[in-house]
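> Residue strings, one per chain:
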Amino acid sequence: MSNVLYWQALNEAMDAELAADETVFTVGEDVGLYGGTYRVTEGLLAKYGEWRVRDTPISENSFTGLGVGAALLGLRPVVEIMTINFALLAMDAIVNMAAKIPFMSGGQFPMPLTIRMPGGVARQLGAQHSQRLEAMLMGIPGLRMVVPATPQDAYWQLRQAIRSDDPIIVLEHELLYFRTGELDETAVAPPLHQARVSRPGRDLTCITYSRMVSLALETAEALAAEGIEMEVVDLRSLAPIDWKTCEQSVSRTHRCLIVEEDNECGGVGAEITATLQARSFFQLDAPIRRVAGLDLPTPFNGALEAQSIPQKKDVVQAAKELVTNATGGVS
Amino acid sequence: MDNTHMTGLLRDMLRARAFEEAAAQSYAQGEIVGFLHLYPGEEAVAVGVLHAAEPGDYIVSTYREHVHALVRGIPARAIMAELYGKKTGVSAGMGGSMHIFDRERRFLGGYAIVGETLPIALGAAYAVAYRRLPEAVLCFFGDGAVNQGTFHESLNMAALWRLPILFVCENNHYQIGTEIHRHSAITDVYKRACGYGIPAEQADGMDVLAVHAAARRLLDRVRGGDGPQFLELSTYRFRGHSMADPGTYRPQAEVKAHEAADPIAAAIHEISLSYPSRAELAASDRDSLKRFADHCCQGGHLDDAALKRLQAEVQAEIDDAVRHARESPAPTLDDAWDALLRNRRFETLLENLP
Ligand SMILES: Cc1ncc(C[n+]2csc(CCOP(=O)(O)OP(=O)(O)O)c2C)c(N)n1
Ligand SMILES: [Mg+2]
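Protein sequence lines correspond, in order, to chains A and B.
Read left to right, the first sequence gives residues 1 to 331 (my numbering).
Read left to right, the second sequence gives residues 332 to 685 (my numbering).
By construction, these hints were calculated from the structure, which means they are not laboratory data.
There may be inaccurate statements among the hints.
Across the chosen pairs, the derived CB separations fall in these ranges [unchecked claim]: (1) E585(B) x A20(A): 37 to 43 Å; (2) D184(A) x G480(B): 51 to 57 Å; (3) G107(A) x E435(B): 56 to 62 Å; (4) G404(B) x R123(A): 47 to 53 Å; (5) R436(B) x Q194(A): 54 to 60 Å; (6) R654(B) x A225(A): 41 to 47 Å; (7) A591(B) x M1(A): 51 to 57 Å; (8) D184(A) x R436(B): 57 to 63 Å; (9) D557(B) x G69(A): 37 to 43 Å; (10) A278(A) x Y461(B): 50 to 56 Å; (11) P660(B) x D184(A): 48 to 54 Å; (12) D576(B) x K312(A): 28 to 34 Å; (13) P660(B) x G139(A): 57 to 63 Å; (14) D576(B) x K47(A): 20 to 26 Å.
As a list, the in silico SDA-like pairs of lysine to any residue whose alpha-carbon atoms are at most 20 Å apart [unchecked claim]: (15) K47(A) x A16(A); (16) K418(B) x Q307(A); (17) K312(A) x L664(B); (18) K418(B) x L296(A); (19) K312(A) x Q152(A); (20) K313(A) x T663(B); (21) K418(B) x A306(A); (22) K639(B) x H655(B); (23) K47(A) x E12(A); (24) K418(B) x R289(A); (25) K418(B) x A127(A); (26) K47(A) x R513(B); (27) K313(A) x L664(B); (28) K522(B) x D535(B); (29) K418(B) x E435(B); (30) K522(B) x I511(B); (31) K418(B) x P297(A); (32) K312(A) x F282(A); (33) K47(A) x Y580(B); (34) K418(B) x G302(A); (35) K244(A) x M138(A); (36) K320(A) x G227(A); (37) K312(A) x R199(A); (38) K418(B) x R123(A); (39) K639(B) x D650(B).
Please read all numbers here as calculations on a predicted model, not as lab measurements.
Positions of the beta carbon are idealized from the N, C-alpha and C atoms, including for glycine.
Using the sequences and the hints, build the whole thing.
Next up, the structure:
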């Protein structure tokens, strides 16, 4: 058990998989000599050499496609796309190739491809570099996507993704790389897509993922001081979503609040809302509520940038309204 | 080349350097946040090329575009305020350092996704050709961008339809931490243009006069209907890729060697060699040259004192820009919605239907 940074956990996971299986290799911009934009591949070039840790030109579509082709021949590529914003240039390789080949080949070709990349709003990187595109990718049949919120999950989910025969996106977050947390390499890893109740609570369920998990936990702490117990469910995976854990939580609390960093229209929360209202309709005492980003490209100005994504006060307010205004609210 | 012109080049090079150093300082003080990609070392490229451009030409640049914007004539205040994310910035604080736009000056933007400037320039040139105008489109991109599909796709179409584009590759030999020999099979970038039948040249991007001469020659051809032209400029950035990058992957010897070829030092050297005649000085009504002239007339050290004055002027302009940016108000969320919705006129369009 040790206390590590999120990037270090990913680095250890990469190291472990490269060491364990020589079909594993990684490619991406500045993953080698530079050590990775967020240090995730630091030290790996020296240890494994350039055939296994390969610096690439800025050719996202083609080096992601290279990953697809190598996976067809049985290698286990880990493609690092510097940020999710550049994955837009690799959509052909991701959506038309990786997601479709196993299916179109009638299952003849597994696709043991892992695509690692961070998303999210960081600090004033401007509209082109602050995107949350998970909702766009989670709906592509054939793709899987995990969204680790802690170093522990980052470590295990990356290792599991590399070992999986499905194409899996490991969506990291730019502001999580330098967060610390416990890492226990000996702990038993939960199934890759299983959601986790990060904090129990009786009054409402907060469903969230990635960086918003820590915001939800902080908020839960503040709400507890006022007598409101918010349960926090960390989805851990967006494709597929572990509906069972969500349903079970909602059937205990009868209220559901979704906290997501992506924008509200067509976001992850829209999918969760639609599904849970169908699955848990008779368990709900109030309409499902979303706290999401504004439907606005991210403004560069720092204060506006912050206002464009959920803040603690927004979550506090929504949680209070949810528990007090609804039929049968806490008295 | 006459001295007005020389001084003009020098002044812009000094402005470029002063602007970027001021931005670096503001970043260090936490007043500018986010990615900040600076241009010191590469000034001769933007200054030389843009001095060869006409006001009617269009400019497309990358995230390393402050200097292009400045030389194009966008006020230092408006650029600096944008770097600060203020309401007085060119884009009211919505764009930031990597996204400078100025419609009036035909500055079609700074683009932060590598390889985007090529299709944007392609489209702009298509529109120019479509309207049969004598304008050119100047497309800037780095050595790293030439491995994007957009580079090849755009060069092909530009050549196919003989579009009026000057492609300018700012070859600083690095794509962040990856040196060109490790990212490109062919490191003479201009050779790739030959594959599409586009006339291409290489010039010394550390020599503003060489850059300017080449750009002017190629732009004449573009405007003369000869189709796209390609200019590769070999240059070097003195700083890291961005302020977040210490640049430690580059050998010290390499950095030092390039600093010795500082384009500003080279330009200063040039100007002190070409002593202006009295007639030339009298014919010039440019402020800086007047002072320069006065100084010359007194027979003192022409280069040093005149240069100092020029530097002081430039510094005052930049200091003012920083002060202005610092003191300007921040935009509000209403400004953000306005930026998004300002051009949504479909409701009125519908109302106008018969
Ligand atoms: C499509 C895409 N991939 C990756 C990046 C990250 N990135 C930003 S600048 C850069 C290097 C670009 O190098 P070059 O084109 O030579 O321009 P320079 O920064 O040297 O001026 C990279 C990889 C990006 N912005 N866009
Ligand atoms: Mg470069």
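> Does each hint hold? Answer for all of them.
Here is what the structure says about each hint:
1. A hinted range of 37 to 43 Å for the beta carbons of E585(B) and A20(A) is consistent with their spacing of about 38 Å.
2. Between D184(A) and G480(B) the beta carbons are some 43 Å apart, a value that contradicts the proposed interval 51 to 57 Å.
3. The supplied range of 56 to 62 Å is met by G107(A) and E435(B), whose beta-carbon atoms lie about 58 Å from each other.
4. Between G404(B) and R123(A), the C-beta spacing of about 31 Å breaks the proposed range 47 to 53 Å.
5. Separation of R436(B) from Q194(A) is about 55 Å and conforms to the stated range, judged on CB atoms against 54 to 60 Å.
6. Distance hint check: the CB atoms of R654(B) and A225(A) are about 45 Å apart, consistent with the given range 41 to 47 Å.
7. In this structure the hint that A591(B) and M1(A) lie 51 to 57 Å apart at CB holds, the actual value being about 53 Å.
8. At roughly 58 Å, the beta-carbon separation of D184(A) and R436(B) lies within the given 57 to 63 Å, and the hint holds.
9. Distance hint for D557(B) and G69(A): a CB-CB separation of about 40 Å, consistent with the stated range 37 to 43 Å.
10. Evaluation of the 50 to 56 Å hint for A278(A) and Y461(B) yields a pass: the beta carbon distance comes to about 51 Å.
11. Distance hint check for P660(B) and D184(A): the Cβ-Cβ separation is about 50 Å, which falls inside the suggested range of 48 to 54 Å.
12. A hinted range of 28 to 34 Å holds for the C-beta pair D576(B) and K312(A), which are about 32 Å apart.
13. At roughly 41 Å, the beta carbons of P660(B) and G139(A) sit outside the given window of 57 to 63 Å.
14. Look at D576(B) against K47(A): about 23 Å separates their beta carbons, and that is inside 20 to 26 Å.
15. Our distance criterion of 20 Å between C-alpha atoms is met by K47(A) and A16(A), whose separation comes to about 12 Å.
16. Distance hint between K418(B) and Q307(A) is fulfilled; the C-alpha atoms sit about 16 Å from each other, no more than 20 Å.
17. Distance restraint check for K312(A) and L664(B): the Cα-Cα separation of roughly 18 Å lies within the 20 Å cut-off, and the hinted pair is therefore satisfied.
18. Of the supplied pair hints, the one linking K418(B) and L296(A) holds, its CA atoms being roughly 17 Å apart against a limit of 20 Å.
19. With a C-alpha separation of about 24 Å, the suggested pair K312(A) and Q152(A) falls outside the 20 Å cut-off, and the hint is violated.
20. At roughly 19 Å between alpha-carbon atoms, K313(A) and T663(B) fall within 20 Å of each other, so this suggested pair holds.
21. The straight-line distance between the Cα atoms of K418(B) and A306(A) is roughly 16 Å, inside the 20 Å bound, and the hint therefore holds.
22. A C-alpha spacing of about 24 Å is found between K639(B) and H655(B), which places the hinted pair above 20 Å, so the restraint is violated.
23. With a C-alpha separation of about 13 Å, the suggested pairing of K47(A) with E12(A) holds against the 20 Å cut-off.
24. Between the alpha carbons of K418(B) and R289(A) the distance comes to roughly 33 Å, so the proposed pair goes past 20 Å and is violated.
25. Restraint check: the Cα-Cα separation between K418(B) and A127(A) comes to about 16 Å, which is no more than 20 Å; the hinted pair holds.
26. Only pairs whose Cα atoms come within 20 Å are accepted, and K47(A) paired with R513(B) is accepted, the gap being roughly 19 Å.
27. As the CA atoms of K313(A) and L664(B) are separated by approximately 17 Å, the hinted pair is consistent with the 20 Å bound.
28. Restraint check for K522(B) and D535(B): satisfied, since their Cα atoms lie roughly 16 Å apart, inside the 20 Å limit.
29. The hinted pair formed by K418(B) and E435(B) meets the criterion: a straight-line CA distance of about 18 Å does not exceed 20 Å.
30. With a C-alpha separation of about 14 Å, the suggested pair K522(B) and I511(B) falls inside the 20 Å cut-off, and the hint holds.
31. Distance hint between K418(B) and P297(A) is fulfilled; the C-alpha atoms sit about 17 Å from each other, no more than 20 Å.
32. Straight-line distance between C-alpha atoms of K312(A) and F282(A) comes to about 29 Å, which puts the hinted pair past the 20 Å bound.
33. The suggested pairing of K47(A) with Y580(B) holds, with an alpha-carbon distance near 18 Å, which does not exceed 20 Å.
34. Under the criterion of a C-alpha separation no larger than 20 Å, the hint pairing K418(B) with G302(A) is consistent with the structure, at around 12 Å.
35. Distance restraint check for K244(A) and M138(A): the Cα-Cα separation of roughly 18 Å lies within the 20 Å cut-off, and the hinted pair is therefore satisfied.
36. As the CA atoms of K320(A) and G227(A) are separated by approximately 11 Å, the hinted pair is consistent with the 20 Å bound.
37. Pair hint K312(A) plus R199(A) holds up; C-alpha atoms about 17 Å apart against a cutoff of 20 Å.
38. Of the pairs offered as hints, the one joining K418(B) and R123(A) holds, with about 18 Å between alpha carbons and a cut-off of 20 Å not exceeded.
39. A hinted pair counts as satisfied when its Cα atoms are at most 20 Å apart, and K639(B) with D650(B) qualifies at roughly 16 Å.
When held up to the earlier numbered hints, the structure conflicts with 2, 4, 13, 19, 22, 24 and 32 and fits the remainder.
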